[in-house]
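Numbering follows my numbering, in which position 12 of the sequence shown is assigned residue number 70; successive positions increment by one, without gaps.
One or more hints might be untrue.
Said to hold, decoys possible - Here are the simulated lysine to aspartate or glutamate pairs, DMTMM-like style, with alpha carbons at most 25 Å apart:
| id | residue 1 | residue 2 |
| --- | --- | --- |
| 1 | K102 | E86 |
| 2 | K91 | E74 |
| 3 | K75 | E86 |
| 4 | K75 | D94 |
| 5 | K77 | D94 |
| 6 | K99 | E86 |
As the list claims (entries may be wrong) - Using C-beta positions, here's what the derived DEER-type ranges look like:
| id | residue 1 | residue 2 | range |
| --- | --- | --- | --- |
| 7 | Q61 | A96 | 36 to 46 Å |
| 8 | T105 | G78 | 19 to 29 Å |
| 9 | T105 | T72 | 15 to 25 Å |
| 10 | Y104 | Q61 | 36 to 46 Å |
| 11 | T103 | V62 | 29 to 39 Å |
| 12 | K102 | T72 | 18 to 28 Å |
| 13 | F73 | N98 | 14 to 24 Å |
| 14 | F70 | K99 | 26 to 36 Å |
| 15 | T68 | T103 | 25 to 35 Å |
| 16 | Q95 | T72 | 12 to 22 Å |
| 17 | P64 | Y104 | 32 to 42 Å |
| 18 | R71 | A92 | 20 to 30 Å |
| 19 | Y104 | V62 | 34 to 44 Å |
| 20 | Y104 | I80 | 15 to 25 Å |
These are calculated hints, taken from the structure and not from any lab test.
Since we're looking at a predicted model, the values are computed, not measured.
Glycine included, C-beta positions come from ideal geometry on N, C-alpha and C.
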Amino acid sequence: MTQVNPIFPTAFRTFEKYKGCIITNTLESRYSKAKDQATNKLFKTYTQ
59 MTQVNPIFPT AFRTFEKYKG CIITNTLESR YSKAKDQATN KLFKTYTQ
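Start from the sequences and build out the full structure, keeping to the hints where you can.
See the structure below:
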């Protein structure tokens with residue numbers, strides 16, 4: 059397979075960009091995904 063779907067390099071670059079700060083922080087956080095999602099929803103509600 060010589061061709062790669064164009065979305066994969068973009069997704070990989072995005073992963074590499076945020077790997078150090080957001081992804082690592084999320085994996086090491088003591089908060090559950092549900093709590094993170096609720097917090098994100100509150101932020102989105104306040105910023106609209």
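Each hint, compared with the structure:
no.: 1; hint: K102 - E86; in the structure: holds (23 Å)
no.: 2; hint: K91 - E74; in the structure: holds (21 Å)
no.: 3; hint: K75 - E86; in the structure: holds (18 Å)
no.: 4; hint: K75 - D94; in the structure: holds (20 Å)
no.: 5; hint: K77 - D94; in the structure: holds (17 Å)
no.: 6; hint: K99 - E86; in the structure: holds (21 Å)
no.: 7; hint: Q61 - A96: 36 to 46 Å; in the structure: holds (41 Å)
no.: 8; hint: T105 - G78: 19 to 29 Å; in the structure: holds (25 Å)
no.: 9; hint: T105 - T72: 15 to 25 Å; in the structure: holds (21 Å)
no.: 10; hint: Y104 - Q61: 36 to 46 Å; in the structure: holds (44 Å)
no.: 11; hint: T103 - V62: 29 to 39 Å; in the structure: holds (38 Å)
no.: 12; hint: K102 - T72: 18 to 28 Å; in the structure: holds (20 Å)
no.: 13; hint: F73 - N98: 14 to 24 Å; in the structure: holds (19 Å)
no.: 14; hint: F70 - K99: 26 to 36 Å; in the structure: holds (28 Å)
no.: 15; hint: T68 - T103: 25 to 35 Å; in the structure: holds (29 Å)
no.: 16; hint: Q95 - T72: 12 to 22 Å; in the structure: holds (20 Å)
no.: 17; hint: P64 - Y104: 32 to 42 Å; in the structure: holds (35 Å)
no.: 18; hint: R71 - A92: 20 to 30 Å; in the structure: holds (29 Å)
no.: 19; hint: Y104 - V62: 34 to 44 Å; in the structure: holds (39 Å)
no.: 20; hint: Y104 - I80: 15 to 25 Å; in the structure: holds (20 Å)
Of the numbered hints given earlier, the model fails none.
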